[in-house]
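J.: Here is how the chains run, residue by residue.
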Amino acid sequence: MYFKKMQSRTKQKFVPYIFILPFIISYVAFFLYPAIYSFVLSFFSYKGYGKAKFIGLSNYINLINYDTMWNSLGNTFFYFLLSFIPTMIFAFLLALIVRSKPISRFQSIYKPIIFLPQICAVVASALCFKIIFGERVGVISQLLGKAIPFLSDMQLMKWTVVVLITWRAIGWYFIIYLSGLTTIGDDIMEAANIDGASAVQSTWHITMPMMKPTFMLAFVTNAIGSLKLYTEPNLLLSQNYDPPMQVAPYVNLIINSLSGGQFGMASAAGWILVVVILILTLIQLKFFGGDD
Amino acid sequence: MKKTKFLAAFLTLSLCIASLAGCGAKPEESIASSETPKTEAATGEAPSEEAAKLKMMVFPATENYEKINEQFLALYPELDAKVDIEVELGGSGDGDVAQKLRLALASGQNLPDIIRLNYTQLPEFVEAGVLEPLDSYIKPYEGDIIDSAKNVMKYNDEYYAFPREVKPKVWFYRADIFEECGIDPYQIKTIDEYIAAGEKIRETYPDAHMENYNVPSKNYDLMMMLSATNGRFCDEEGNYNLASDPDVKLTFERIKKLYDSEVNSTVAEWSADWAPAFSSGEIVSQLIGGWFKTDFMNFKLEDQKGKWAIAPWPEEIREGSDAGGAIWVIPAASKNKELAAEIMAKMCFENDAAKIIYDVTGVIPALKSSQEDPYFNAAHDYYASSLGPVNFESMNYLKVYPYTPASTQEVTIVLQYLDEYLAGNMTLDSALQTAQTDLINQIGNPYEQ
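So the sequences go chain by chain: F and G.
Residue numbering for the first sequence follows my numbering, beginning at 1 and increasing consecutively.
Residue numbering for the second sequence follows my numbering, beginning at 1001 and increasing consecutively.
Heads up, some of the hints might be wrong.
Unchecked claim - Ranges of calculated distance between the beta carbons of each label pair, as one might list FRET restraints:
id: 1; chain 1: G; residue 1: LYS1305; chain 2: F; residue 2: PHE31; range: 27 to 37 Å
id: 2; chain 1: F; residue 1: VAL139; chain 2: G; residue 2: PRO1060; range: 22 to 32 Å
id: 3; chain 1: G; residue 1: ASP1096; chain 2: F; residue 2: LYS101; range: 33 to 43 Å
id: 4; chain 1: G; residue 1: GLU1236; chain 2: F; residue 2: ILE148; range: 26 to 36 Å
To be verified - Calculated pairs, DSSO-like style, for lysine-lysine (alpha carbon to alpha carbon, straight line, at most 30 Å):
id: 5; chain 1: G; residue 1: LYS1355; chain 2: F; residue 2: LYS146
id: 6; chain 1: G; residue 1: LYS1154; chain 2: F; residue 2: LYS53
id: 7; chain 1: G; residue 1: LYS1150; chain 2: G; residue 2: LYS1100
id: 8; chain 1: G; residue 1: LYS1399; chain 2: G; residue 2: LYS1154
id: 9; chain 1: G; residue 1: LYS1346; chain 2: G; residue 2: LYS1053
id: 10; chain 1: G; residue 1: LYS1218; chain 2: F; residue 2: LYS146
id: 11; chain 1: G; residue 1: LYS1200; chain 2: G; residue 2: LYS1150
id: 12; chain 1: G; residue 1: LYS1355; chain 2: G; residue 2: LYS1154
id: 13; chain 1: F; residue 1: LYS53; chain 2: G; residue 2: LYS1100
id: 14; chain 1: G; residue 1: LYS1200; chain 2: F; residue 2: LYS146
id: 15; chain 1: G; residue 1: LYS1154; chain 2: G; residue 2: LYS1346
id: 16; chain 1: G; residue 1: LYS1355; chain 2: F; residue 2: LYS158
id: 17; chain 1: G; residue 1: LYS1355; chain 2: F; residue 2: LYS51
id: 18; chain 1: G; residue 1: LYS1100; chain 2: G; residue 2: LYS1189
id: 19; chain 1: G; residue 1: LYS1200; chain 2: G; residue 2: LYS1100
id: 20; chain 1: G; residue 1: LYS1368; chain 2: G; residue 2: LYS1307
id: 21; chain 1: G; residue 1: LYS1055; chain 2: G; residue 2: LYS1150
id: 22; chain 1: G; residue 1: LYS1257; chain 2: F; residue 2: LYS158
id: 23; chain 1: G; residue 1: LYS1154; chain 2: F; residue 2: LYS51
id: 24; chain 1: F; residue 1: LYS158; chain 2: G; residue 2: LYS1218
id: 25; chain 1: F; residue 1: LYS51; chain 2: G; residue 2: LYS1055
id: 26; chain 1: G; residue 1: LYS1067; chain 2: G; residue 2: LYS1346
No lab work stands behind these hints, which were simulated from the structure alone.
Beta carbons are placed, not taken as given, at the ideal position from N, Cα and C, and that holds for glycine.
Just chain G, same shape as in the assembly (with noise of 0.2 Å):
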């Protein structure tokens, strides 16, 4: 009986540790360090006979990337003709791919040689020290690249990104009802005249609001409205220190007053209700970033096409940006990083790949030379403005978070707090408190992870 109840206990026991199988690698085995022996290939000098192939890793879907690169080598024959770009999908999000850049860091396998993350993710790796700095890819084009664009590629004042999107923070306004109300975006200067903006809308539509800050926030919402000013959860010596930090503060407070105000809408944002309050007209305005013009456009909501315009954001709030942006990076230990970087950089910054770009994914490039281009700045099929003229104003006022290795738990953590805040189960300086010590506790220090 002893036996039956060891034997028991043990298959139990089994079952319980099941879930952790696979948890493992080996950290000695890692490859995280940039000191890869050149081979042939490193050097980018494909064998004439052969192209080189590279995998480009992307979120959250190969197909745009595919039409891209296929586009973009029958522009550029001589590159056609040294380099095959198989586009391999790293998930549904830029968590997914750093997941996998993890693993691939660790095991020695499968690694990328061009890898699509968000903006927050590149401190890890870069203090990891796994990353190609990318300076003489960059420094050609330099010239040509919007000023405040350069912060999405830089970590330490050196280069180590291509930026794939910039994202300044744009507001998506009802161009039709603010021409009605007698509202210009550009006169609406702080907080308090966007609400005031919102009741003057609701003396003629009532079921109007202007924004949907809600519980449980979103993590895009926190950070930009944090990096419209200099907050930051912890200092450069990575003491967390939000609680005393009075710009955070003030982000928690304005969150809160637009939450609580008439104008905010309590339709969830991704919910199955948020494309039908755009077409009902119970949203009449976003704040929001410039990647939010695709997925507007997503919804196909045919009843508001022409309707609405864009403006940046009003001037309190306006700089700062969402995640900074997506960008691309080249691993160190990638075989073909050299050729990985040539294309890239042409990708990035040539004006005709970014014409190929904008009509796949309308991503607006970040350079100068595009700015005067009529083709990025002609009148759109869906909204009621050009796109490119505020997008380009935006990223003006584009400043980056300093995020740090450890931001994605940070950002996490933050909201949790902010959502008790918000709901009024905690005050203030509790929620900041409470989210101090969870971060020391959780992360210490995130450059000395």
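One chain only, chain F, in its complex shape (with noise of 0.2 Å):
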């Protein structure tokens, strides 16, 4: 009895594991394995295939003296932040829009619209883009009657990328938005509005307060996919060739290490962004993680 009693418990302590166990095995093969083996590999030169050689922080080192290594990292930070701002402000604003009384019964027009441009490939969006700011035969300048050198002007270039970014990102945290607004129940704003708060009011002092983990969850995603951004410039700026390194985001030394056969380096420089991304997330963590 006592022997049965023991083998069922052990059978329901270990059963949980055996269901996550695929998980794990594959996130140990696929994930945990080849992320500490880049980690290894930063200290070491190597060229992809035959003989690994140490060199200790030597990768480190050469990537914090090379100055195209902090312009990558502000070219990066650049993106991130001009298409941060207003991309939670739309998002959050168009959630509100949609959410509200008048508009909330025309959601399923307005939800897919407003969705629509992530679900468009983005090779597609940057090739749409490439014919809206084409210097002399593009929209822009063709409205305008100027030809702007929106793809060859380096600072120009950096805001068409922005808006290309900017405009993919809103439907998304819209979404996101949208989906923390419902948690929020109509009885606590009907209780506001019968205590005399104003719409600016609700929102200002119950609503966002009440969307902080939602907040939290897209400052946090946001910023670690903008800092690996790579698919928009590249495909926005690059004409044949890839884009100059003067415009390129920081994934693009890595890319560059990597065609160069220098995946010690490359690995390095990813860690670098690692190390880049944990501190921006735990900033982020701190002023917007609360107590919770």
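Starting from two chains that each stand alone, build the complex the way the hints lay out.
T.: Spelled out as structure tokens, the structure:
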């Protein structure tokens, strides 16, 4: 009897682990091991095949002394910060508008329209933006009757990327905010209304504090995604060849190292990015995480 | 609460490093060695009843070589009986293919038998000892190969590549406008004369431009101009010294001279504005590689048909090439390397096979026997002149820049500072000095990587 009980308890104890075992195995094999391996590799000179040579911290030191690394990191932050602010503001405002009483009954129309840029293939979006922002034959230049070098002037190139990223991202964060808003019960808003709170006051004092976890999720995922930005600027700014390093995001540095057969350097650059993202995320958690 | 924070931090870290997953490969398991055990297949003797399968990796599309292989094997039934060539896409450019090759070498899996690269990548793989030396396959044809083209096939004086397309420098120009303005491209010897010719054309056609060197610069523009000189980024020992190399300086100055001249257009190459600029007559000349003939036709500018002709570059800068050319290499670890080499030798050096390639791709062979063949010298359907004679003439001026195993990175770094110099953000000396510092910092010694 006792033995049977013990057997059943043991079974109970291990069954959950058996269920999550496939995930654990794939996590270790495809995520943890490569990540640790790349960390080890960052201390080696290795061209992807042949023998790896231990060089200590040289990859990290060389990167830190490489102006282009800081420039690329600056470009990434430029893309992140300048798209982050409008994305979050517009996405939240749109979610508030769509959730508001007069509009909410047309949600089924507005939601897909606002989300549409997100489901457009990024390649197709970038091609459309290339046409819109073409220097001479572009839509904007044609409308203004003046050739504006959106895709060849180093400063304007960066702004064009920001527009593309923001346009694509708003739909995504709109959905996140909309789902966050649905968690706020109508009774609370009605109570505020009865107490005489205006729409602005209700939003500021009730909706926004209650949306804090949703904001945090949006901010953190946006920061992580934006700092790993690669596709949009490369598709939009490349003209048959990679975009110039003056406007390239940080990930291009990693890709360039890989293309040059410098896997160790690429790994080190990757780990520097990990540290940057981690610091930024912890700062965000500190500011927006509160006591939760 | 502490537990929650710890969990949050852990999850955040996991998300952050997600991008690194997949970076690994086992150096110790690499097959980066030519000492592959010889199997039956490695001898090239496929079993009589079954054709050997050869994998041919190409870029940027498989279509052309599927057609070529089909026609080529029909031309050589004895090869058709013993081989089945599968064309595989390696990516959109040579960098993608090089990356795939590295991964295949690291994993020992899916190694193609024939790989298309650019000469730029050859030094890396030869230095690593992963390519099959091809002397014995090329020697029988050596007498028929145009001498300068041999440089595209060699590294350290040994053959390691078959030429897919030798890329001499070719000057495309509006024959009708040049003739109307009384300009003979063969009489233009220097960059100054080239600019003067442009100014003369502008007297009749005020909107016409001779070139469009711009920021961001194109790597082929830099390398074509640099290969006209003896300039190089590092010496033979791998010490970066471009800041003190007079020919690198001269190259930067020449590009700047064209960039600053009135005959330079602001139209960006490969942008949506480029093709319309040819149609509108804004661009009446291009100093570019021979490969441009196909790209230009792909613009499908019917109004330009019969208006463009080609000539060698002005004498002062006519030597050199765009990355030497496109090549085929055979990995030493390929299971069918002998058969692959036999096929590629026929495909690249036999006149009948060259005609098939010419028909499909427009690539003119680097063969002396083809030089006299009317097939390659006939009038062209699109261009105002035959392409063959000028291409063959330009091949005589073909010079290959001494690429290193780190050339891709070198060019990326140097281009950045060429842009800064052109834009007037840096002086020539500081641009070159900073480029040199970055090259040392990022690459060190290209031969010791």
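J.: Work down the list of hints and note, for each, if the structure agrees.
T.: Consistency of the hints with the structure:
1. LYS1305/G x PHE31/F: 27 to 37 Å: violated (56 Å)
2. VAL139/F x PRO1060/G: 22 to 32 Å: Distance hint for VAL139/F, PRO1060/G holds at roughly 28 Å.
3. ASP1096/G x LYS101/F: 33 to 43 Å: Given about 53 Å between the Cβ atoms, the range is violated.
4. GLU1236/G x ILE148/F: 26 to 36 Å: The hint (26 to 36 Å, Cβ to Cβ) is violated, given that GLU1236/G and ILE148/F are roughly 47 Å apart.
5. LYS1355/G x LYS146/F: violated (48 Å)
6. LYS1154/G x LYS53/F: The given pair, whose Cα atoms are some 28 Å apart, holds under the 30 Å limit.
7. LYS1150/G x LYS1100/G: Between LYS1150/G and LYS1100/G the Cα gap is close to 26 Å, so the pair holds against 30 Å.
8. LYS1399/G x LYS1154/G: holds (12 Å)
9. LYS1346/G x LYS1053/G: Holds, at roughly 17 Å.
10. LYS1218/G x LYS146/F: holds (25 Å)
11. LYS1200/G x LYS1150/G: violated (39 Å)
12. LYS1355/G x LYS1154/G: Holds: LYS1355/G and LYS1154/G sit about 24 Å apart, inside 30 Å.
13. LYS53/F x LYS1100/G: With Cα atoms ~22 Å apart, LYS53/F and LYS1100/G stay inside 30 Å; holds.
14. LYS1200/G x LYS146/F: At roughly 28 Å apart (the allowed maximum being 30 Å), LYS146/F and LYS1200/G satisfy the hint.
15. LYS1154/G x LYS1346/G: Status holds; Cα separation ~18 Å.
16. LYS1355/G x LYS158/F: violated (47 Å)
17. LYS1355/G x LYS51/F: violated (43 Å)
18. LYS1100/G x LYS1189/G: violated (43 Å)
19. LYS1200/G x LYS1100/G: violated (49 Å)
20. LYS1368/G x LYS1307/G: Answer holds: LYS1368/G to LYS1307/G is near 29 Å, not above 30 Å.
21. LYS1055/G x LYS1150/G: Given that 30 Å is the threshold and the Cα spacing comes to 25 Å, the pair holds.
22. LYS1257/G x LYS158/F: holds (28 Å)
23. LYS1154/G x LYS51/F: Given pair LYS1154/G, LYS51/F holds - Cα atoms ~25 Å apart, limit 30 Å.
24. LYS158/F x LYS1218/G: holds (19 Å)
25. LYS51/F x LYS1055/G: At roughly 26 Å apart (the allowed maximum being 30 Å), LYS1055/G and LYS51/F satisfy the hint.
26. LYS1067/G x LYS1346/G: holds (16 Å)
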